[in-house]
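Participant: So the protein lines, in turn, are chains D and C.
With the numbering used here as the guide, the letters of the first sequence map in order to residues 14 to 356.
With the numbering used here as the guide, the letters of the second sequence map in order to residues 14 to 356.
Treat the hints as calculated values from the structure; they're not laboratory data.
For each residue, glycine too, the CB sits at the ideal point set by N, CA and C.
Incorrect hints may have been included.
Stated by the list, open to error - Here are the simulated DSS-like pairs of lysine-lysine, each with C-alpha atoms no more than 30 angstroms apart in a straight line: (1) D:15 with D:201; (2) C:317 with C:15; (3) D:15 with D:57; (4) C:65 with D:36; (5) D:311 with D:65; (6) D:15 with D:311; (7) C:36 with D:42; (8) C:15 with C:65; (9) C:42 with D:36.
To be verified - Chain C is faced by these chain D residues, among others (derived, beta-carbon under 7 angstroms): (10) 33; (11) 36; (12) 37; (13) 104; (14) 107; (15) 109; (16) 110; (17) 112; (18) 113; (19) 118; (20) 120; (21) 218.
Protein chains: 2
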Amino acid sequence: MKTIYNAAHRAHQAEHEFFRGEKVAAFEKVERADWVLRAVETAKLDDVLQPKSFDDACIERVHSPRYLSFLRRAHAEYQSLGGTGDAFPSVWPIRGMRSDALPENFAARMGLFSFDSGTPLTSGSWAAARAGADCALTGADLLSSGERAAFVLTRPPGHHAGSDFFGGYCFLNNAAIAAQRLLDLGCKRVAILDVDYHHGNGTQEIFYGRDDVLFVSIHGDPITEYPFFLGHADECGAGDGVGFNLNLPLPAGASVASWFAALETGLQRVRGYAPDALIVSLGVDTFEGDPISHFSLKTSDYPKLGALIESLGLPTLFVLEGGYAVAEIGDNVVGVLRGFEAR
Amino acid sequence: MKTIYNAAHRAHQAEHEFFRGEKVAAFEKVERADWVLRAVETAKLDDVLQPKSFDDACIERVHSPRYLSFLRRAHAEYQSLGGTGDAFPSVWPIRGMRSDALPENFAARMGLFSFDSGTPLTSGSWAAARAGADCALTGADLLSSGERAAFVLTRPPGHHAGSDFFGGYCFLNNAAIAAQRLLDLGCKRVAILDVDYHHGNGTQEIFYGRDDVLFVSIHGDPITEYPFFLGHADECGAGDGVGFNLNLPLPAGASVASWFAALETGLQRVRGYAPDALIVSLGVDTFEGDPISHFSLKTSDYPKLGALIESLGLPTLFVLEGGYAVAEIGDNVVGVLRGFEAR
């Protein structure tokens, strides 16, 4: 399968993040994509393509104009106000507060549009995220033009970004943008399978009220795992979307066998939905060596994951999400892709 | 009038805070109360009383049990997990996320129960806030037993704390706790007049659906001023509370004349409500020299404020809120109290 990659991701290079209250080196770093690209090239997977350029209108199908307008200029505005380094939120609207009135104050807008202090807004965040969205859109177009599968090699990741907020290292929801693009190009139903360790809260939020996108996620139980405030098993969708959201949380420390059992449940649901295409939010922080996650898949498990996904027989777009064991991320991601191709 | 004071406030001593994204020395500091106490004593206002001890049930009339349960043990739990210094939130539930499921993860609960990173949770925050609540309850009892007025000299302040969250330097909402106590002791209607520079979002949230407490607030327009996400003029109450919430936002930089004009509007509303008692959330960060606020009252304006409040002819409990021009806070607060007494 072809890989879509844009070196513009390098523009997003965080100095540090706040992780569970502590200031630490950023986990989501440039080297992640380097390792994956090297593994793709070593495996001679297929061509590595540059993305095409897409209009912002394709992104506004998923993200609110007010959020995009903020994000596009946020770091420049921060700098113009004397801010140095990366920007972090410091005040946010809790229950009972309003999100409808747009504050003029910059710090207030930072907080209005984000949900953690683990996502540094850098001078290059917009450029990198925007280039990543172009990769996702290009991947959707490849599927639409008949490719069986493609791999969107992007960072920062996307699945925590909601319709109008960033967080969890994510700014633009690449998987959601690609899903919407597939619908706009003629698909009637698209399924998103999120196998990242962390619940894809942004993707769920974006499609929660809709039946044209099925969202299935296997992840660490939010009762103890990030993003904490979404991803429970009783979240089944709302309105037209009831029945089209399936969360399969597993306790931190769950076995590989229980992970694959949950995957089978998820794949069954995808089969029952009979979508026209599948998007895989491909995080490999399920890996036993991941520094911030607590599942225990081995590198040898990832080809099996790829083969099981292939067994659905669907046009499939893989979109890179998390995975912070940098030295192994390439082998694990490419393991999935080769498992898919080998079957 | 008598002052109720408890030296236990000294237990809350923050190292620093995050102010609009920058790490700075804490504005809400022990010396604030020292200066006010000295001014009270110099002015020979009346006795300075220790608070009585009240049962937690009096506080649970206003704050949720789950929040109190968290707050009581939060810093000890933080330390037991290896946390050092003061604790700050790092991830919180944005729109579309859930606040009903209580996470086991400590960092998640920090974020669930707070709305900014400007409110350091210290080893002594609970002890200080709890002692402050006792002061507020003692003040309410003084009014109930026939005193015309009393002054609750506490810190940390309270008016930003909601039914189940902290923020804005506030942990327990002293004004709300006192208002509820007055109702529980027989008042039919209590009015709260909030003259702090910042909107009393916590007080508003607590009483927003009720008609037995009128909330009137004069403050910097949240479009540019903290707490940003509440305090607009169109917030009039909900359900039974419709018509019992009056916000009088003024633009940052508003003149003293326009401030007193807004006060007159607020006083008229209080008169129309004909409450049995009045609570004044007394912040003096309306002062021209305040380091984080943008009104321009002079020290000589505060006695006039006190006299106008007195003209309502109501049993009146003054509860200390903000004011960060430390050297002047005592004169400004006592100016209000003497203005009330002198009329």
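Participant: Under the criterion that the straight-line Cα-Cα distance not exceed 30 angstroms, is the pair residue 317 (chain C), residue 15 (chain C) satisfied?
Facilitator: 20 angstroms, holds
Participant: Should the hint that residue 110 (chain D) touches chain C count as held when the rule is a Cβ pair under 7 angstroms?
Facilitator: 4 angstroms, holds
Participant: Quick check on residue 104 (chain D) please, does its C-beta sit within 7 angstroms of some C-beta on chain C?
Facilitator: Check passed: Cβ of residue 104 (chain D) comes within 4 angstroms of chain C, closer than 7 angstroms.
Participant: Keeping to a limit of 30 angstroms between CA atoms, is the pair of residue 15 (chain D) and residue 311 (chain D) held or broken?
Facilitator: 25 angstroms, holds
Participant: Identify whether the interface hint at residue 120 (chain D) stands, where standing means a beta carbon of chain C within less than 7 angstroms of its own.
Facilitator: Holds - the Cβ of residue 120 (chain D) comes within 7 angstroms of chain C, reaching about 4 angstroms at its closest.
Participant: Hint check: is the beta carbon of residue 112 (chain D) less than 7 angstroms from a beta carbon of chain C?
Facilitator: 6 angstroms, holds
Participant: Compare the distance between the alpha carbons of residue 15 (chain D) and residue 57 (chain D) with 30 angstroms, and conclude whether the hinted pair is satisfied.
Facilitator: Between residue 15 (chain D) and residue 57 (chain D) the Cα gap is close to 10 angstroms, so the pair holds against 30 angstroms.
Participant: Grab the minimum C-beta distance from residue 218 (chain D) to chain C and call the hint holds if it beats 7 angstroms, violated otherwise.
Facilitator: Residue 218 (chain D) check passes; min Cβ-Cβ to chain C is 4 angstroms, inside 7 angstroms.
Participant: Please verify whether residue 36 (chain C) and residue 42 (chain D) have alpha carbons no more than 30 angstroms apart.
Facilitator: 24 angstroms, holds
Participant: Taking 30 angstroms as the top limit, are the C-alpha atoms of residue 42 (chain C) and residue 36 (chain D) close enough?
Facilitator: This hinted pair holds, its Cα atoms lying about 24 angstroms apart.
Participant: Per the CB criterion, is residue 37 (chain D) less than 7 angstroms away from chain C?
Facilitator: 11 angstroms, violated
Participant: Holds or violated: is there a CB of chain C closer than 7 angstroms to the CB of residue 107 (chain D)?
Facilitator: 4 angstroms, holds
Violated hints, in rising order: 4, 5, 11, 12, 18; the structure is consistent with all others.
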